Amino acid sequence: MAFEYAPAPESRAVVDIAPSYGLFIDGEFAEAADGKVFKTVSPSTEEVLSEVAQAGEADVDRAVRAARKAFEKWSALPGSERAKYLFRIARIIQERSRELAVLETLDNGKPIKETRDADLPLVAAHFFYYAGWADKLGHAGFGSDPRPLGVAGQVIPWNFPLLMLAWKIAPALATGNTVVLKPAETTPLSALFFADICRQAGLPKGVVNILPGYGDAGAALVAHPDVNKVAFTGSTAVGKEIARTVAGTRKKLTLELGGKGANVVFDDAPVDQAVEGIVTGIFFNQGQVCCAGSRLLVQESIQDELLESLKRRLSTLRLGDPLDKNTDIGAINSAEQLARITALAEQGEAEGAERWSPACELPSSGYWFAPTLFTNVTQAHTIARDEIFGPVLSVLTFRTPEEAVAKANNTQYGLSAGIWTEKGSRILAVANKLRAGVVWSNTFNKFDPTSPFGGYKESGFGREGGRHGLEAYLDV
Amino acid sequence: MPTSASSPKLSAPREQGGTPTALADVTASDSTLRRFLHGLPGVDAVGLEARAASLGTRSIKTTAKAYAIDLAISMVDLTTLEGADTPGKVRALGAKAVHPDPTDRTTPTTAAVCVYPDMVAVAKEAVAGSGVKVASVATAFPAGRAALDVKLADVREAVAAGADEIDMVIDRGAFLAGRYMKVYDEIVAVKESCGTSARLKVIFETGELSTYDNIRRASWLGMLAGADFIKTSTGKVAVNATPANTLLMLEAVRDFRAQTGVQVGVKPAGGIRTSKDAVKFLVLVNETAGEDWLDNHWFRFGASSLLNDLLMQRQKLATGRYSGPDYVTVD
Amino acid sequence: MSEKSEKSEKSEKFERLSVLKTYKLYVGGKFPRSESGRVYEVADSKGNWLANAPQSSRKDARDAVVAARKAFGGWSGATAYNRGQILYRIAEMLEGRKDQFVREVGDAEGLSKAKAAAVVDAAIDRWVWYAGWTDKIAQVVGGGNPVAGPFFNLSSPEPTGVVVVLAPQDSSFLGLVSVIAPVIATGNTAVVIASEKSPLPALSLGEILATSDLPGGVVNVLSGRTTEIAAPLAAHQDVNAIDLAGADEVLAKELEIAAADNLKRVLRPQPVDYSATPGTERLTAFLETKTVWHPTGSLGASGSSY
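Same order as they appear, the protein sequences are chains Z, X and H. Start counting the first sequence at 1; every next residue gets the next number (our numbering). Start counting the second sequence at 1001; every next residue gets the next number (our numbering). Start counting the third sequence at 2001; every next residue gets the next number (our numbering).
Just so you know, the hints here were simulated from the structure itself, not pulled from any lab data. Just so you know, not all the hints are guaranteed correct.
Here are the simulated lysine to any residue pairs, SDA-like style, with alpha carbons at most 25 Å apart [to be verified]: (1) H:K2070 <-> Z:R385; (2) X:K1061 <-> Z:A6; (3) Z:K407 <-> H:E2158; (4) Z:K446 <-> H:S2156; (5) H:K2030 <-> H:G2279; (6) Z:K325 <-> Z:E305; (7) Z:K136 <-> H:G2144; (8) Z:K136 <-> H:S2156; (9) Z:K325 <-> X:T1062; (10) H:K2070 <-> Z:A380; (11) Z:K240 <-> H:T2284; (12) H:K2115 <-> H:G2279; (13) Z:K311 <-> X:T1062; (14) Z:K407 <-> H:K2115.
Cβ-Cβ distance ranges computed for the label pairs, FRET-style [as the list claims (entries may be wrong)]: (15) H:G2132 <-> Z:P78: 33 to 41 Å; (16) Z:A339 <-> H:V2272: 44 to 52 Å; (17) X:D1295 <-> Z:R385: 41 to 49 Å; (18) X:T1196 <-> H:P2150: 30 to 38 Å; (19) X:P1102 <-> Z:E354: 58 to 66 Å; (20) H:P2150 <-> X:D1104: 42 to 50 Å; (21) Z:Q347 <-> H:R2058: 34 to 42 Å; (22) X:K1316 <-> H:G2144: 45 to 53 Å; (23) H:G2132 <-> X:H1038: 45 to 53 Å; (24) X:K1061 <-> H:P2150: 29 to 37 Å; (25) H:E2281 <-> Z:K136: 34 to 42 Å; (26) X:T1319 <-> Z:A339: 45 to 53 Å; (27) H:D2238 <-> X:K1061: 35 to 43 Å; (28) Z:K73 <-> X:K1316: 54 to 62 Å.
It should be emphasised that the depicted structure is a prediction, and the values quoted were computed from it without experimental measurement. From the three backbone atoms N, C-alpha and C, an ideal C-beta is built for every residue, glycine too.
Using the sequences provided together with the hints, build the complete structure.
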């Protein structure tokens, strides 16, 4: 290649990762009651980044108590005061955003381009947005003086560690709840750095508690009798388990789960932008996105030319060091996830779909998966039904708008969908018929704190973001 | 991941009048031409601009930057298009094109100097023997508001004076009025007047076409009519080259070659003043049309002040110090 | 029964025997018996026999879901104005047959005629209240979102789908109407399990619905043993939500666990004063929020810069 981009790595020096971290309970870092620790690694190199205390049931209990104790004063604060804490947090995140972006890239494996340009700006914006609500709750349509629920137990995934934290913590605090949050076991670091931001912001002790740990800690948190609100983002299987756990209690529950989003491209689509939207839809964050456009539904009459354009475009994707500013595709988050993606892709082949990847050299260490396209896929293929949560696109065709809608909706999920056509009435007609919580027309994977996000059907219930996002944390 | 673009087919057949055989039907009549242009895929402005902005975040450092700066210098059509142009000014420009950095003879020459027709002979003499081409704007530049025979006379004069390249403007009025065949015929006529020696750059004045859909249509119209280059702007209106309109034109030349086998060049002009901007455009070329266009035969910058910034950046890379305007030459 | 035909003065030899009504289910716009052939005795508050009611089976429940699903497309696709007109029509029809419902509610709940009449009036008024909501709720809970980018972004509520409603056990009519109306007002379709001990007002409501321009299948009424019918419905994969108003604590927990299998939206039982004007909670409990994005951008290519 004539124009070879020289390495352009973002400096790691901006972030100082300690060799070990504790749990953050009642404003203090502490060891786990049973002394357990686990290692967190950089998925792109398998380098151990730090050793982190692993929360157990006793720690969950301690954290919930701390949150309960803090709730009384926190919920009694005037909303305007709570707002100022959140504004402070938003500002500190902006100040420290480069550090946090590098940290997130190290711990998660996603490209610095994304943490820098998407994750971190959205994190700060989310706190800024909900800060403004804290003293205006009486105007939100939930009564003149809506009350908080109490202690919120929040369990978040590894795909957008800090952004999911923001989606959970910002509305919870704005409405006067206190929180115990469990980050994912493969990405605990940014949440622990957030604990430090809470310290810098002077947030009262116990209002935010962070418990790194595994599924058992999450289960204990969800089941804790003194938790009033459960918010979970993650897999549909775990979401169902949580729904069973809270059954028969008064705990309010919101779930943001899996998806198998259809990206529907009509023959009159703005083709070049559609190709970009398809790429963004499935390769953003290595496809480890619940709302990924993992099913491409393309009108049969333009299939060949669209696929040709798509393949040409995929050949320009740059896979490699996530810290390199020119990297488009980073590492898969964990060996476990890589194994799952690999197995599903193999099943796709075994079931007769045609597999294609651009020529692409994978680094020798770390967890990597080449951008992959499957053609000749039908609704009956496993790769058209199961959420892969990786950079794997299944291509299906349709002949008419009715067929497109029927296929798009033919899934247990209902989180996202995309529509590409230059015909306005078709956009609105198809958007009306799609059973999905977010419909991107002539764009994809756009997020904003003011825009409610959440699923239909088995993609979960409740909305995060916007005025709608307040409801999950209010006693209404 | 390396791209695997096929090699350009420079000698693909074109019928008389410029339209490649593969698309001969398109220009058979006014209505077929209109149907074809209006049948091109639409452009979503937000998506296009987002893609251009996203490519603008590429970080081009060290060796890549050195390569890009030299490539950019070699692609500059060093331009002076002023009422006040004099032979002296044009000679100075020519000298600069041949030796952009007198202190460093390894600096590549620019691609061309670009002048008004009456200055072609002077320019030709100034760059003689250097390989630097002389480009001349013609066809009643920049407005293009003149009768066709006047425009053709303008072209013939420039070619006769030795112009290697002709930068024509299209009739935007006719285009916006939907008289595509008139625009087409005019380009074909100008192309004929260029003869076999001069390459034709067709300027759309994208700022006046206003919409991206129009820019895509104009690009195809120009290519169908035999343009060797499609060029954004005259540099004389408010909005000239932008990453988005250049990206769109790069998509057009890419698609045109895929469909016809004929490769056409792209020239963004006006408003590109810094090395950083120029490198962004080269990234657009690299990741849209591909490496076949990373050559001054297929990509140009219509610029004047850009060159000095490129030279200062080049000096910085060579010496490690930031340079200043006193260390590069004024034209 | 409270209303027996009075002796005719001219034929004093025998009392006219009244014509009893065979209460039937209301499913898919039709009035079937339970496929199981079973009935159970329904008594008034004093224990006097009132009628036999169909004792629905899990197959009846399944049929009701099929009917509700089939009706969903048309009903959710109807204009909000049209739905409002039909809900108002239900109130009109009820008003005309008020006496029947006063009698049935009085029997079912042991209320005096005056009190039963007040309950029926409130129930009729409740239809009117929800009739007015059909074309307003979207403006109250939806709207444009000011996203930080060149995008049009609109959130609108949409009906969840097929909703199973366990009608309140004690408020056989006002409670019933208060849980059905909000479900269908927004375009959902409903499978309703009537109060187990007092199902007759619910079964009679079916007759009203059938004559109110409400498309068949939008509301389906089942009577029988609540636990028996509710269990398969809570586990049914083609049901989207469940209102547990008529479930006790034990049943509610059981059903909520079953509902988790396909992540049904669950409205847990809670104390409700059905005589009070409701809020929007029962409307929003069975609404999804759909957010649609579209680029806006500038009018032309001339606004862009770098």
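25 Å Cα cutoff - pair K311 of chain Z, T1062 of chain X:
violated (30 Å)
Has the given pair, K446 of chain Z with S2156 of chain H, been kept, meaning a C-alpha gap of at most 25 Å?
holds (17 Å)
Mind checking the alpha carbons of K136 of chain Z and G2144 of chain H for me, to see if they're no more than 25 Å apart?
holds (19 Å)
Is it true that the CA of K407 of chain Z sits at most 25 Å from the CA of K2115 of chain H?
violated (53 Å)
Taking the CB of P1102 of chain X and the CB of E354 of chain Z, does the distance hold inside 58 to 66 Å?
holds (59 Å)
Proposed proximity, A6 of chain Z with K1061 of chain X (alpha carbon, max 25 Å):
holds (6 Å)
Indicate whether the distance between the beta carbons of G2132 of chain H and H1038 of chain X respects the range 45 to 53 Å.
Given about 48 Å between the Cβ atoms, the range holds.
CB of K1061 of chain X to CB of P2150 of chain H, is that within 29 to 37 Å?
holds (31 Å)
Verify the CB-CB distance for D1295 of chain X and R385 of chain Z against the hinted window 41 to 49 Å.
Cβ of D1295 of chain X to Cβ of R385 of chain Z: about 48 Å, so the range 41 to 49 Å holds.
Take a quick look at whether K407 of chain Z and E2158 of chain H sit within 25 Å of each other, Cα to Cα.
holds (20 Å)
Take the C-alpha atoms of K2030 of chain H and G2279 of chain H, compute the straight-line distance between them, and say whether it is at most 25 Å.
violated (32 Å)
Agreement of K2070 of chain H and R385 of chain Z with the hint, judged by alpha carbon distance not exceeding 25 Å:
The hint holds at about 24 Å.
Violated hints, in rising order: 5, 6, 13, 14, 18, 25 and 27; the structure is consistent with all others.
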